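Peer 1: If you want the building blocks of each chain, they are given just below.
There are 2 protein chains.
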Amino acid sequence: MQPREIEQYLHDKIPLSAAMKIRVVEWTNDYLILEAPLAPNRNHLGTAFGGSLNAIATLTGYGAVWLALDVRDAHVVIRDSTIAFRRPVRGDIRAVCPLPDQAALEAFRSDFNRRGKARLSLQVFIDHEGERAVEFSGTFVAVK
Amino acid sequence: MQPREIEQYLHDKIPLSAAMKIRVVEWTNDYLILEAPLAPNRNHLGTAFGGSLNAIATLTGYGAVWLALDVRDAHVVIRDSTIAFRRPVRGDIRAVCPLPDQAALEAFRSDFNRRGKARLSLQVFIDHEGERAVEFSGTFVAVK
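Protein sequences appear in the order of chains A and B.
Heads up: the first sequence begins at 164 in the numbering used here, then just goes up one per residue.
Heads up: the second sequence begins at 164 in the numbering used here, then just goes up one per residue.
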């Protein structure tokens, strides 16, 4: 799947991603970046809502797993996650998921092909004005 | 604040809670319950999206802190949270936040009044068909 397809897929299949106005903005061999504007994701303090920050981090992780697997018949679910809010996000939200190194990706693809099931731990970061605002880590499971 | 006020406040101040069609359904001295229908919160598998489950748990925690403090001049933020997805939620989402015991609540209110700042750890559960589907724990901070 390509980034545009991921974006369309997210909006079609996960209505909250459309309500959040999530966009897939960049995809390289090293990372995936999703963005969302502040307005639909603001909280009672006018900063980004913690639930939105968690949701965009989760979606960035999903996207990374889909792109890493490059298969359309995988069911991907999230098993668990932890998030720390270091400082408020006072503007557009930009979530970066660094892809695991090549060895970890190969092991993940190999497990998936051999056992029909594989697990991948991913971290997602959200920076604001040059400083780390949010740290998220999640365990994703792909099932054939 | 009363439950209806909390619901209106959430929808006014946090647009995502309106997109999720969150309702405050029950509030006693022991717990707070929020619900949301599956449709706006579904994922690519037709079950509840992990980001929605996290967001409703976060909002239930916010609500519990607001109700526990019973003040309108507190800024409440979430510091960190952990969530485990035990099984899929295939219908309406019902998030239950058991209030801490009276001693913990008194300590929280006393810290808030004395220092202008207090921290409260809360757990939120989402059951589905009689089984535990989601376990969430979060640390909330109230600042005067």
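Treat the hints with caution; some may be incorrect.
[Said to hold, decoys possible] Here are the simulated lysine-lysine pairs, PhoX-like style, with alpha carbons at most 20 angstroms apart:
# : chain 1 : residue 1 : chain 2 : residue 2
1 : B       : K176      : A       : K176
2 : A       : K184      : B       : K176
3 : A       : K280      : A       : K307
4 : B       : K307      : B       : K184
5 : B       : K280      : B       : K307
6 : A       : K307      : A       : K176
7 : B       : K184      : A       : K184
Please keep in mind that the hints were generated in silico from the structure rather than gathered at the bench.
Just so you know, these numbers come straight off a predicted model, no measurement behind them.
Peer 1: Given the proposed pairing of K280 (chain A) with K307 (chain A), does the C-alpha separation stay at or below 20 angstroms?
Peer 2: Distance ~6 angstroms between K280 (chain A) and K307 (chain A) Cα, so the pair holds.
Peer 1: With a cut-off of 20 angstroms on the C-alpha distance, tell me whether K176 (chain B) and K176 (chain A) pass.
Peer 2: Cα-Cα ~26 angstroms, so violated.
Peer 1: Quickly compare the C-alpha distance for K307 (chain B) and K184 (chain B) to 20 angstroms and report which way the hint goes.
Peer 2: 29 angstroms, violated
Peer 1: Has the given pair, K307 (chain A) with K176 (chain A), been kept, meaning a C-alpha gap of at most 20 angstroms?
Peer 2: 18 angstroms, holds
Peer 1: Just to be careful, I want the Cα atoms of K184 (chain B) and K184 (chain A) compared with a cutoff of 20 angstroms; is the pair within it?
Peer 2: It holds: about 17 angstroms lies between the C-alpha atoms, which stays within 20 angstroms.
Peer 1: With the threshold set at 20 angstroms, check whether the alpha-carbon distance from K184 (chain A) to K176 (chain B) stays at or below it.
Peer 2: Holds, at roughly 17 angstroms.
Peer 1: With the threshold set at 20 angstroms, check whether the alpha-carbon distance from K280 (chain B) to K307 (chain B) stays at or below it.
Peer 2: At roughly 6 angstroms apart (the allowed maximum being 20 angstroms), K307 (chain B) and K280 (chain B) satisfy the hint.
The earlier numbered hints that this structure contradicts are 1, 4.
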